[in-house]
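Participant: One-letter residues, chain by chain:
There are 4 protein chains.
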Amino acid sequence: MAKTINIGLVGYKFMGKAHSNAYRQVTPMMQPDLQPIMKCLCGRNAEGVAAAARQMGWEQTVTDWHQLVASPDIDLVDICTPSGPSHTEIALEAAQHGKHIFCEKPLAASLSDARAMLSAVEQAGVRHMVNFNYRRCPAVALAKKMIGDGLLGDIYHWRSVYLQDWIIDPDFPLVWRLDKSIAGSGPLGDLAAHSIDLAHFLVGPIAKVVGMEQTFVHERPVASEQGGLQATGGVERAPVTVEDAVAFLARFENGVFGTFEATRFAAGRKNYNRFEVNGSRGSLCWNMETMNELEYYDRSNESSGVGSLAGFRLIQATDGSHPYMGSWWPPAHIIGYEHGFIHGVYDLLNGIGNGTPLAPDFRDGARCQAVLEAVTRSIAQGGWTAVEAV
Amino acid sequence: MAKTINIGLVGYKFMGKAHSNAYRQVTPMMQPDLQPIMKCLCGRNAEGVAAAARQMGWEQTVTDWHQLVASPDIDLVDICTPSGPSHTEIALEAAQHGKHIFCEKPLAASLSDARAMLSAVEQAGVRHMVNFNYRRCPAVALAKKMIGDGLLGDIYHWRSVYLQDWIIDPDFPLVWRLDKSIAGSGPLGDLAAHSIDLAHFLVGPIAKVVGMEQTFVHERPVASEQGGLQATGGVERAPVTVEDAVAFLARFENGVFGTFEATRFAAGRKNYNRFEVNGSRGSLCWNMETMNELEYYDRSNESSGVGSLAGFRLIQATDGSHPYMGSWWPPAHIIGYEHGFIHGVYDLLNGIGNGTPLAPDFRDGARCQAVLEAVTRSIAQGGWTAVEAV
Amino acid sequence: MAKTINIGLVGYKFMGKAHSNAYRQVTPMMQPDLQPIMKCLCGRNAEGVAAAARQMGWEQTVTDWHQLVASPDIDLVDICTPSGPSHTEIALEAAQHGKHIFCEKPLAASLSDARAMLSAVEQAGVRHMVNFNYRRCPAVALAKKMIGDGLLGDIYHWRSVYLQDWIIDPDFPLVWRLDKSIAGSGPLGDLAAHSIDLAHFLVGPIAKVVGMEQTFVHERPVASEQGGLQATGGVERAPVTVEDAVAFLARFENGVFGTFEATRFAAGRKNYNRFEVNGSRGSLCWNMETMNELEYYDRSNESSGVGSLAGFRLIQATDGSHPYMGSWWPPAHIIGYEHGFIHGVYDLLNGIGNGTPLAPDFRDGARCQAVLEAVTRSIAQGGWTAVEAV
Amino acid sequence: MAKTINIGLVGYKFMGKAHSNAYRQVTPMMQPDLQPIMKCLCGRNAEGVAAAARQMGWEQTVTDWHQLVASPDIDLVDICTPSGPSHTEIALEAAQHGKHIFCEKPLAASLSDARAMLSAVEQAGVRHMVNFNYRRCPAVALAKKMIGDGLLGDIYHWRSVYLQDWIIDPDFPLVWRLDKSIAGSGPLGDLAAHSIDLAHFLVGPIAKVVGMEQTFVHERPVASEQGGLQATGGVERAPVTVEDAVAFLARFENGVFGTFEATRFAAGRKNYNRFEVNGSRGSLCWNMETMNELEYYDRSNESSGVGSLAGFRLIQATDGSHPYMGSWWPPAHIIGYEHGFIHGVYDLLNGIGNGTPLAPDFRDGARCQAVLEAVTRSIAQGGWTAVEAV
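Residue numbers (our numbering), protein chains in the order written: chain A, 14 to 403; chain B, 14 to 403; chain C, 14 to 403; chain D, 14 to 403.
Hints may contain errors.
A pair holds if it fits inside one copy or across any two, identical chains being indistinguishable in the list.
Claimed, not checked - Computed cross-link-like contacts, DSSO-like style, restricted to lysine-lysine with a CA-CA straight-line distance of at most 30 Å: (1) Lys16 to Lys193; (2) Lys221 to Lys26; (3) Lys221 to Lys16; (4) Lys283 to Lys16; (5) Lys193 to Lys158; (6) Lys221 to Lys193; (7) Lys157 to Lys221.
If you are wondering where the hints come from, they were derived from the structure by calculation, not from laboratory data.
In this text, all values refer to a predicted model and were calculated from it rather than measured experimentally.
Please model the entire structure based on the sequences and the hints provided.
Facilitator: Set out below in structure tokens:
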């Protein structure tokens with residue numbers, strides 16, 4: 014009889030749906046060592062959370078997260094609230110109650126909040142993980158193994174962009190992601206945080222940065238209900254308080270030369286989360302929009318009896334020999350966005366079940382936060398800024 | 014309280030897993046009008062089926078399909094057995110018992126079997142559908158709408174290939190898909206059947222064909238257990254009784270000019286199910302390996318004040334405005350292979366729940382079979398052959 | 014002092030321009046062992062040919078090709094007239110006069126004409142070559158070397174299409190390419206002939222075929238002057254006497270399984286001359302629209318310590334190690350359509366200068382013609398037809 | 014009788030070959046209003062320059078550029094020497110002698126040199142142009158027209174990289190491009206200068222920048238003869254005095270948000286000169302490695318009766334309706350790298366012949382230099398730097 018763990022999830026919109034799906038799917042498809050029980054869903058709107066729980070398969074609901082994190086029924090608290098101060102409040106209290114914590118990214122609204130969260134979980138001795146879901150795309154996990162195996166040699170370059178366009182219409186309403194008090198930042202925390210985590214994962218720690226940001230549309234219609242991304246129009250306008258675009262140059266501790274950019278104003282780019290790594294032996298490229306593919310250039314193909322046979326190779330990371338793919342379908346029967354969450358939950362559950370390390374944990378989350386904060390400071394000060402150690 | 018329907022599924026390997034996943038996912042993600050109860054899973058191996066049922070979430074198991082199709086607990090029989098004679102046997106008996114039937118493709122091992130199945134379900138007055146899953150990829154469903162809307166004008170060309178390479182190693186064992194008595198045929202029924210159904214769906218009925226086939230590897234190691242695709246090696250060899258590759262030219266009833274090819278010997282092609290349609294106003298291309306994308310050429314872009322702006326356009330069919338995608342994620346957060354099955358089950362359940370038409374039904378399945386049979390006859394006779402009416 | 018050879022060129026439109034460019038460029042860029050002198054250009058319209066000669070750099074002009082082929086000033090006759098009977102007439106007479114011959118493809122309007130041409134040049138002891146220019150794209154020449162080196166292992170599949178769309182508008186006029194008496198055939202001789210030659214070059218001789226063809230637009234406006242591709246409109250309409258599309262299945266002598274299609278009705282495809290070859294060790298793909306790239310799948314990449322690293326690789330055949338590229342620019346500084354002609358002329362001149370073999374010669378041209386004729390016969394007779402030996 | 018102009022070219026290696034080819038090809042293929050006479054080629058090595066002149070078709074040679082720029086036979090001096098101080102010396106003296114000047118990029122080794130050159134040509138009243146050849150790729154020229162026509166709306170983002178890998182091997186020798194005293198800088202002047210000019214051309218003036226640079230390989234073998242790119246090995250090593258990689262963030266005067274990167278250490282990127290422009294109505298992307306293609310996203314395609322039909326469109330800028338392409342071949346019969354030079358010379362000759370403006374002229378070249386210098390200053394000072402006005 015497999016062991017189980019009771020999950021309490023806070024939030025039931027986009028991320029809540031993706032996490033719920035992961036808990037539902039992980040056991041039948043991947044058989045983790047610890048099986049999740051979808052115990053309790055938490056949301057402020059009683060009717061909304063009840064409907065969501067019914068639909069997504071949660072046993073119970075509460076409207077007050079204080080109640081959830083205190084409940085003896087709950088072993089693990091999963092935080093899917095907007096990425097500002099709420100992450101910190103919930104995590105601190107959940108840790109006090111001895112709950113394991115799985116938290117959406119970015120970890121916090123500030124580095125000091127992130128540090129507080131890290132202290133809290135370490136003091137409480139609970140397990141903790143941040144959901145940087147793109148680490149769990151098989152192609153990215155394969156990239157990690159390839160780099161670890163030395164296939165790229167010494168790394169010279171990291172080049173990343175995360176481009177979207179969903180607010181390019183000036184009449185798109187002022188949703189919570191455009192409100193600094195709730196979201197913490199714009200594409201910096203929402204999108205670049207993913208690129209930073211991938212860079213930390215694949216290349217190493219970032220040492221210093223210099224950045225710039227821009228808000229293209231300064232006022233937007235106030236949305237009657239700000240929970241969704243739908244443009245509902247409206248007469249009243251209010252200021253946008255986050256940036257629309259951000260870019261920064263970075264030097265890694267190991268000397269790697271890095272560039273980052275994130276925007277919500279790149280027409281036609283919907284979820285274009287792309288990186289390229291160049292090393293002395295080869296290169297790798299990945300883009301979330303074609304997430305099953307990993308491009309690989311192997312310099313050793315440059316020599317052959319008939320001339321150079323080198324070229325960027327489109328590896329379909331859908332083979333049983335690739336990370337996570339043994340649980341799914343035959344080669345080239347592709348998987349999608351939601352699978353990154355299932356794989357993350359799988360690693361989370363196995364890590365807790367077996368007492369093995371979790372990654373990225375809150376320390377990794379705080380390191381990402383330190384970079385975000387350095388970028389913000391650099392923009393404010395107009396020059397290079399060192400990333401604080403965590 | 015939503016109405017429910019009790020499902021009995023025969024088969025628990027590749028297709029059984031994909032169908033089980035669809036039944037599990039359709040309610041939480043898509044909320045069909047009729048909700049499936051995963052009542053009973055059937056498989057010949059008692060231990061195997063029990064383990065599969067536990068893992069995938071079925072309430073009961075049986076080892077004898079006769080028992081399943083006769084059970085008063087079951088409303089719908091889902092047939093996921095190998096694509097030869099077993100489809101027909103099970104369907105005929107299920108229809109006699111008044112069960113609705115959802116059957117994997119190809120419908121039968123012969124046109125006469127398919128006709129018998131069609132008669133049986135029509136006489137029994139039960140609902141019936143064949144799982145040509147690729148119709149339910151959003152990009153394909155969008156293609157159907159675009160053609161229906163006249164965006165391609167008059168259609169001139171249908172061009173399709175379905176390429177795989179999983180048996181290219183001569184030591185790959187003699188699994189059931191290479192045994193004509195079980196599988197009915199090789200890539201003709203396994204792969205080309207999909208292309209034929211897509212052609213019927215998007216372009217119209219095929220009128221006549223001329224084909225050729227080839228077996229490249231004539232003997233293979235006998236597998237100790239033939240259920241999987243794993244190359245287990247082995248000393249004893251036995252004859253391969255299906256073709257390794259097939260191709261045919263086709264004329265459609267409406268004059269469209271068509272080509273088809275399917276093979277398991279195209280090195281590097283894993284699930285390369287591709288079609289291209291050319292019409293008087295534009296063209297469309299799709300490939301399962303990048304199933305979220307639809308390529309579209311619009312001739313009206315050829316005229317602009319600055320010169321032709323026409324070109325093949327990569328539509329990411331992942332927007333809320335695209336078929337089925339409102340149930341999933343934001344744009345460019347792609348979905349995968351399994352989603353075609355979820356969408357198919359969704360349409361199946363809604364069709365049964367609301368008494369609305371199901372497609373492709375057994376008549377469509379028989380029409381596909383008529384083409385398969387015409388191809389086989391053409392190969393045997395060495396010339397053009399008319400497709401029989403169904 | 015380099016040796017020279019006096020060229021006489023018949024025809025000054027599209028092909029005449031491409032050949033003239035090749036003669037002008039080959040010496041400065043490639044330094045052949047025999048240097049061409051652009052001696053005399055021949056065309057029926059005195060004013061037109063004079064203007065063309067001035068512009069393209071020919072020393073003299075004549076309006077009567079009989080005069081050209083008889084001239085003691087001319088060493089090599091280059092035939093760029095429309096691809097019907099005129100090739101044969103000119104070649105027979107040029108051979109009688111002892112001239113070397115470089116002839117545009119397809120060689121003739123019929124197999125018997127092609128055989129006559131072959132006999133004539135062999136009897137006269139002159140050198141002869143057909144300009145199947147795509148053999149001279151570096152990526153194609155590299156493919157040839159790779160196959161010759163065994164990198165693809167045993168070949169299983171040849172898959173080719175040659176798609177264009179320039180007559181898709183029903184009001185496009187009845188230019189000479191749509192007149193069977195001048196052009197010989199439609200896309201069969203114009204486009205599929207290229208695919209056939211590439212198949213012969215890369216895979217081997219075609220043994221038998223079965224084909225189909227279609228004319229989508231049966232009458233077109235009569236062009237006042239039929240020399241160009243410009244749609245000039247017009248009230249009077251006359252019948253189109255060539256096919257608009259053709260496709261055929263083929264078996265090669267060595268058992269390879271082949272498909273071919275050519276059309277002028279594939280909206281958006283402008284010069285989509287594409288082939289794919291699948292063998293036991295890997296695959297190759299090429300498309301003229303991206304002519305500098307060769308896609309290569311190497312099955313040996315499927316095994317690695319970190320999982321399969323196999324994938325289609327985009328070789329940019331622009332490196333100094335690739336055929337012909339040492340004469341041009343650094344890697345990825347791409348070359349274009351016209352370079353295939355320059356490389357062809359380079360090989361022609363070196364072959365004549367050094368007495369080394371020329372390929373494709375008139376025998377190869379006749380072999381291509383034998384396939385074209387078999388396709389036509391197959392379409393007329395409705396079944397498989399053997400290709401005649403040459 | 015067409016008017017002619019006598020050309021004197023300094024330099025006969027890579028750029029000298031590309032310019033020579035342009036002069037040879039421009040008249041037969043494009044018929045400029047002023048026809049170039051390839052009068053005199055200048056190079057320091059008498060034997061080398063004589064051989065080059067013979068091969069490429071120059072009438073005379075000299076070994077001393079002072080003699081060339083003073084010669085009454087010469088109307089236009091074309092400067093193809095390495096991109097450091099020599100450009101300035103030659104240009105100043107050529108202007109004094111009243112010669113028109115066509116100069117390779119970057120214009121000079123410093124902004125003050127560039128300003129001196131600009132003053133000199135303006136005072137002398139001679140015509141002047143810098144060869145930023147990528148402006149003359151038809152796809153880029155089409156992009157310019159599209160932006161000018163408002164098809165992109167307000168521009169938000171400029172994103173550019175220029176990636177190569179030819180010195181990634183640490184044993185690649187210390188060629189002149191790695192010597193600051195000759196080359197002026199590394200990829201900044203060699204590669205990023207192209208991106209800057211394209212940004213100025215398509216988007217507008219850059220106002221301020223912040224940059225970083227890196228040298229990955231600090232010492233290299235001394236080449237016995239440094240003129241080529243061939244790795245000749247060698248025992249003695251000497252310091253590399255230019256950067257191996259550079260990146261910078263930029264703000265344009267019109268508020269556009271820009272990023273730039275150039276490197277010679279991106280394994281697999283051979284001539285990957287890519288930009289992306291995002292505006293309120295759409296986006297454009299271009300990459301020199303596939304120079305005939307322009308990617309275009311048109312936001313107006315997002316609304317249709319059947320859902321969004323928007324997507325990046327691959328325009329093959331090879332149609333007669335596209336800039337410069339009327340002089341070449343039918344659609345999708347692609348052109349190559351060298352054609353940008355032919356088109357540039359065509360515009361140069363027509364501009365001189367007709368007294369119409371030349372672009373980019375020395376003022377544009379100096380503006381590019383001002384950005385290069387600002388980047389260098391920013392790197393030295395560690396912060397944002399304003400670009401000086403020119």
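Participant: Each hint needs a verdict: does it hold in this structure or not?
Facilitator: To see whether the hints hold, each was checked on the structure:
no. : hint             : result
1   : Lys16 to Lys193  : neither (41 Å within a copy, 45 Å between copies)
2   : Lys221 to Lys26  : neither (35 Å within a copy, 41 Å between copies)
3   : Lys221 to Lys16  : neither (44 Å within a copy, 59 Å between copies)
4   : Lys283 to Lys16  : neither (40 Å within a copy, 37 Å between copies)
5   : Lys193 to Lys158 : neither (37 Å within a copy, 39 Å between copies)
6   : Lys221 to Lys193 : both (24 Å within a copy, 27 Å between copies)
7   : Lys157 to Lys221 : within (23 Å within a copy, 37 Å between copies)
In this structure, the hints that do not hold are numbers 1, 2, 3, 4 and 5, in rising order.
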